[in-house]
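Participant: Let the hints inform the model, and build the full structure from the sequences given.
Here the sequence shown is numbered in this note's numbering, starting from 6 and rising by one per residue.
Hints should not be assumed to be uniformly reliable.
Once the Cα atoms are required to be at most 16 Å apart in a straight line, the calculated EDC-like pairs of lysine to aspartate or glutamate come out as [said to hold, decoys possible]:
| # | residue 1 | residue 2 |
| --- | --- | --- |
| 1 | K161 | D291 |
| 2 | K132 | D199 |
| 3 | K25 | E81 |
| 4 | K132 | D201 |
| 5 | K251 | D31 |
| 6 | K116 | D246 |
| 7 | K132 | D227 |
| 8 | K182 | E193 |
| 9 | K143 | D31 |
| 10 | K251 | E166 |
| 11 | K25 | D141 |
Estimated spans, in silico, between C-beta atoms of each pair [to be verified]:
| # | residue 1 | residue 2 | range |
| --- | --- | --- | --- |
| 12 | S266 | G96 | 40 to 50 Å |
| 13 | R162 | G142 | 21 to 31 Å |
| 14 | A80 | E54 | 20 to 30 Å |
| 15 | K116 | A237 | 32 to 42 Å |
| 16 | F48 | R79 | 18 to 28 Å |
| 17 | A222 | K251 | 38 to 48 Å |
| 18 | D75 | N137 | 38 to 48 Å |
| 19 | K251 | K182 | 20 to 30 Å |
| 20 | G59 | I253 | 44 to 54 Å |
Worth flagging that the hints you see were computed from the coordinates, not collected in a lab.
Even glycine gets a Cβ: it sits at the ideal position worked out from N, Cα and C.
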Amino acid sequence: MSLRNLRSFLEVYRSRSISKASRNLDLTQPAVSQHIASLETQFGRSLFERQARGVEPTAFAVELAVQVGDGLDRAEAALSTMKARSTVLSGTVHVAGPSEFMAEQAAFRLKPLQTSGLQVRVHLGGKASLYNMLLDGKVDVAFTASAPKDERLASKRVGSEVLLAVAAPDMADRIAKAADLENALQAEPFVAYDMDKPLIRDWCQMNNLDIGGELPAMTAPDIRLLRAFVVAGIGWSVIPDYLCEKSIKSGALELISAPQSAPSNAFYLVWVKSALRHPRVAFTRDILINAW
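Facilitator: Structure below.
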């Protein structure tokens, strides 16, 4: 049984599309269709049902994917890793992640990719766009603050962050002296990543606090900007520890004590399973995982 045919099968199974699978594999659609037809002949079973948009796997195809998927991924990744060690790497690797994480945590860890001979292109985005870029083949690996649930993706935890509530000294002093923390937070303006207040929401939920339905005084999709807003006294906020520890040590920011505990988030390196057949992607994954 041809491994090439099995790889085509897995790509079609995971993408639910012959056209997407052919693009991912750098093959023509007729070639991928022929690989599927060959397997169907060997098994004597249909693997996919053609739909108006894409294909749906049969029960037999689901069982086949479970049986061979992870094993084929591991074998191709191992071969690609060995090839990367024995050859001079070249070409371009695309790495993505949130802007502040890439600037403060990932940037200095990318140098081994450049010194190995690879050109590096960095892409920025939030969780949804990062997953879309991976699945569309626009980036090779991405850093996210969540483990993927899509079966086409794999991940490895590479680090974590602790979420700290902070304010400029004058505001922090008012909050600390207040008789009730919840009322004190509601009385002060705050700044947030977006209107859903994601980091603030996490911190408040962990500490059983409700800041009501007030809107942020300012929003910005870069936590480094939120830090600048807080330092300027515009409002309090919740910021990951790696982005505010220096400001706390310098006295530009002060902690708002968490009545229970400060929540933490894990960071993951995520990649498309089948992409590890490319030596540069397998090499990039291994370098970035080992960098932590």
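Participant: Each of the hints needs a verdict: does it hold here or not?
Facilitator: Right, here's what the structure says about each hint:
1. Taken as a hint, the K161 and D291 pair is honoured in the structure, with Cα atoms around 10 Å apart against an allowance of 16 Å.
2. Annotation: proposed proximity of K132 to D199 holds, straight-line Cα distance about 13 Å (limit 16 Å).
3. At roughly 20 Å between alpha-carbon atoms, K25 and E81 are farther apart than 16 Å, so this suggested pair is violated.
4. With a C-alpha separation of about 14 Å, the suggested pair K132 and D201 falls inside the 16 Å cut-off, and the hint holds.
5. Of the supplied pair hints, the one linking K251 and D31 is violated, its CA atoms being roughly 47 Å apart against a limit of 16 Å.
6. With a C-alpha separation of about 24 Å, the suggested pairing of K116 with D246 is violated against the 16 Å cut-off.
7. For the hint pairing K132 with D227, the CA-to-CA distance comes to about 13 Å; that is within 16 Å, so the pair holds.
8. For the given pair, K182 sits about 13 Å from E193 by alpha-carbon distance, which is consistent with the 16 Å threshold.
9. Among the hinted pairs, K143 with D31 is consistent with the structure: their alpha-carbon atoms are about 14 Å apart, no more than 16 Å.
10. A C-alpha spacing of about 15 Å is found between K251 and E166, which places the hinted pair at or below 16 Å, so the restraint holds.
11. In summary, the hint linking K25 to D141 is supported, as the alpha carbons are separated by about 9 Å, within the 16 Å threshold.
12. Under the hint 40 to 50 Å, the C-beta atoms of S266 and G96, about 45 Å apart, fit the expected range.
13. Hint check: R162 to G142, Cβ distance near 24 Å, so the stated range 21 to 31 Å holds.
14. The beta-carbon spacing between A80 and E54, approximately 29 Å, falls within the hinted interval of 20 to 30 Å.
15. Between K116 and A237 the beta carbons are some 33 Å apart, a value that agrees with the proposed interval 32 to 42 Å.
16. The hint said 18 to 28 Å for the Cβ distance between F48 and R79, and at roughly 23 Å that hint holds.
17. Judged by the Cβ atoms, the range 38 to 48 Å given for A222 and K251 is violated: they are separated by roughly 24 Å.
18. One distance hint, 38 to 48 Å for the beta-carbon pair D75 and N137, is violated here, with the actual separation near 24 Å.
19. Range check, K251 to K182: Cβ separation about 26 Å, and the 20 to 30 Å hint holds.
20. In this structure the supplied range 44 to 54 Å holds for G59 paired with I253, their Cβ-Cβ distance being about 51 Å.
Hints 3, 5, 6, 17, 18, counting from the list given before, are not met by this structure.
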